[in-house]
Amino acid sequence: MLVAQKAKLREILNALSEEYQVAVPVQREGTSAFELYRDGIEVMFNGNTSISPKGMFFPQTEKMYGFKTVKNTTEFVSLPVEQGKRLLFGVRSCDMKSLDCLDQVFLTKGYIDEFYKQKRERTVIVALGCNEPGETCFCASLGLDPQKAAGADVHAYDLGEVIGFEAVTEAGQKVLDLLKNHLREQQFALPPVGEFYLKPEVAGVPEKLKGMFESPLWEEIARKCLNCGACTYVCPTCHCFDISQDVRGEKGIKYRCWDSCMFGEYTQMAGGHNPRPTKKERVRNRFMHKLNYFPERYNMLLCTGCGRCLDVCPVKMDITSIIQQIKEAK
Amino acid sequence: MCACNCDCNHDHDYDHNSVSSTVTSNPLIPMRAKVINIVQETVDTKTFYISTLDGEKPFDPQPGQLGMLSLPDIGEAMFSVTNKGEKHIEMAIKAVGELTNALHEIEVGQEVGIRGPYGNGFPLDYCRGKDLLFIGGGIGLAPVRSLIMHCIRNREDYGKLTVVYGARSKGDLCFKEDLFENWPKVPNMELFITIDKEEEGWDGHVGFVPSYVEELAFKPQVTVLCGPPVMIKFTLPVLQKMGFAEKDIITTLEMRMKCGVGKCGRCNIGSKYVCLDGPVFTMEELKDLPPEY
Amino acid sequence: MEDLTLVLRRTAKEILEKGEAQMVIGWEKGAFWYSSTSAFISKPEDTERLIWDEYCVNNLAKYLLDYRHKEGKVAVFVKGCDSRALNVLLQDKQLKREKILIIGLACPGMKDEVEARKLGRGSSIPLYKKCRECRYPNALNYDFFIGEDKVIKEIPAQDDFSEVQALESLSPDEKYNKFVANYERCLRCYACRNICPACNCRECIFDRTASGWSSKANNVSENMFFALTRALHVAGRCVGCGECERACPVNIPIMLLNKKIIQDINALFGEYEAGTDVTAKLPLGGFEFTDPEEFM
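Protein chains in written order, with this note's numbering: chain A, 1 to 330; chain B, 1 to 293; chain C, 1 to 296.
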């Protein structure tokens, strides 16, 4: 395995910055997220970021195109698109899996989302293996390997004093080639992965949910829910968006921004009808989407076990307990 | 306020690389188009005829397909294409919200954004050669009309055409020229028009659509219906009582949409997206989906 | 508190068995030893789920709004802050007193679950800051009280506005930078609004995006517009329960703004502690002929 001293990470990231725009997990003001790397910034190694890296590919607010309306004319104008290669360092297995989910949504079924595709294609990902699961983590229960993130270009491993690197793809090999002078070959065994506290049994749940649309369980589960969007915004797989515009006089920008199925306005139709009028329907839709609708459509769960939703939920809605309740429901 | 995240004070002037006006590879970016005619259907419904700036059809929709129409400074919404001509498409739009009210203010010549066509459209192959019963209520005739017009244009491919159409009042009937001038002249086509309440100057049928359908006692055939949820709710049992098979009852649904291409999430009914897998569903298909629309 | 849990369960069971309420809202254990969460019990046998421990921080008052149009009564357990919140909901005429059965509790202050996770089981876990500062730990308005009606927590002599004053002493640029730093990370998930008992508008202006009043775009100015508007909308009705700040997934010090407004209301309209007196007139919800009107 190629390894480098952890203390040399700064040199490594500086070297990579010459070739790529690099983003790394950073702790700031009691929260954490992926940020553009600057020399000297402290990379977070302890656990996952509280905000997922999905925004690097699907920003919370993204300008799509400009327009100009003068009298009765309407002109559409394209906006400059950021170019250049990017590198994400430190993406965890759960968040790599979420990119697999987002790829399904944005890149399949007849239409390709160009905004997403462009960012995805110019990004190389160095995943960082997890040795010690966080208290709210449950990726292993969903079949993920916390140490080796499927889909990454490079696997990096936290080996205490050193970081190990393994190229997985050609793009990943290029990254390691760039770091030739910083890495040396040394034998290292991966440490055993620590015990998970949460172990939801998801087998059979998508199939069982098929017949549970009318179950009284939804009303019970929904009672707690505040219908805020915290879970959906921190979720690495939630991808619902709204399209709106910012208008200044004759000029305007059409943008899209994250939206949440928890908000009543989300499905509210202009005529007044709302197919999901109360929190029962919204909560049901969210969990059905994650555990039944998405698997039906794309053959994978829309949950990666990152545990962020149960971490941030102010009233402790807990998808692992909901999975359990679904299993136990008559 | 600027829509970007930078929160700086610089002017967000974009460079004017004009997007190609007819073809764009990005499905979320509309093409520039123009309203070439507006027909006042009822007090709150107008039909808009839309062409490209060069006077061409913006896209070639199949009956039942959808288009995303925008006044970019107000918003964008999905409408069914109610008819197409050689050089234009038509959308019948009721004023119910921010965008539709603004659309009702525009005049011929107004430029708009349009993208599409979206959705599956009606199952033409399945309908071919069969007698068809069309049932519409209010603005619900708009999507159904695209198929009626298709059948009229290809008259020899389809059997008998029967239309049952109802609205609250005479004034609320859409497409009056079709109902009273054009369609009565079409061979082997029958029309049954009803309004909810007695009204001066109306000597036609009075009553709600579901009971009128029951009264008319049709023999089972393929039926296409669209209208307010309450009309659908009460017509379906009538059709089933008359012996219509579930696969022969076809309807078109409406949900709030933003992207139109199955990404933004909100128009799902179970694992199906109305914008992509719909808007046309048979009763047989709907039975498999959660009743959440 | 373990003993009280049994009393709490017994009380809830009796209420449901006698049909005094259709439902009891209390707390149950969440996934972790440091998490307790709201529980909605309508069957007597389910009262075994109820608990009362040092992590029952969730303010339950807001949930009553979900049942205000339902038949029958709802029983609710209240600590001091829940009780003040409930009073505000009554003052706002959002709830009918006769439809609620209130069971009061004496609160020892709740432990900070973020600290608990960090420090681990068995260590000494500090109280939430909001609980340390709390001056009304006991229920104020109730049908009956469980446990002893005595204050079991140290009460500060007065409200602590030192952080507000520290902020006020900053230069305009420093203040601006501080606000930018706080609100650029806002996700606009509206957890603060949705958990806040004073945020009880039937329809919030931030849900009316089609109107153009506010935009869903996430940027500092829109985020601040939301935060400042909400702070002013709850002015005079914020009971200081701090649930907004606890609910925030990105750790924004939301109470700083709320406290600033509480301090200003005290200065402008006289000392006022929202939700401590259900009969009191709201400082910004009515007027006196003697009100200052320098701007007229």
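By construction, these hints were calculated from the structure, which means they are not laboratory data. Be aware that one or more of the hints could be misleading.
Derived coverage of chain A by chain C (criterion: at least 3 residues anywhere in the stretch with Cβ under 8 Å from a Cβ of chain C; other residues may be distant) [unchecked claim]:
| hint | region |
| --- | --- |
| 1 | 24-32 |
| 2 | 186-193 |
| 3 | 207-216 |
| 4 | 225-238 |
| 5 | 258-267 |
Idealized CB from N, CA, C, for every residue including glycine.
Hints, verified against the model:
| no. | hint | result |
| --- | --- | --- |
| 1 | 24-32 | holds (count 4) |
| 2 | 186-193 | violated (count 0) |
| 3 | 207-216 | violated (count 0) |
| 4 | 225-238 | holds (count 8) |
| 5 | 258-267 | holds (count 6) |
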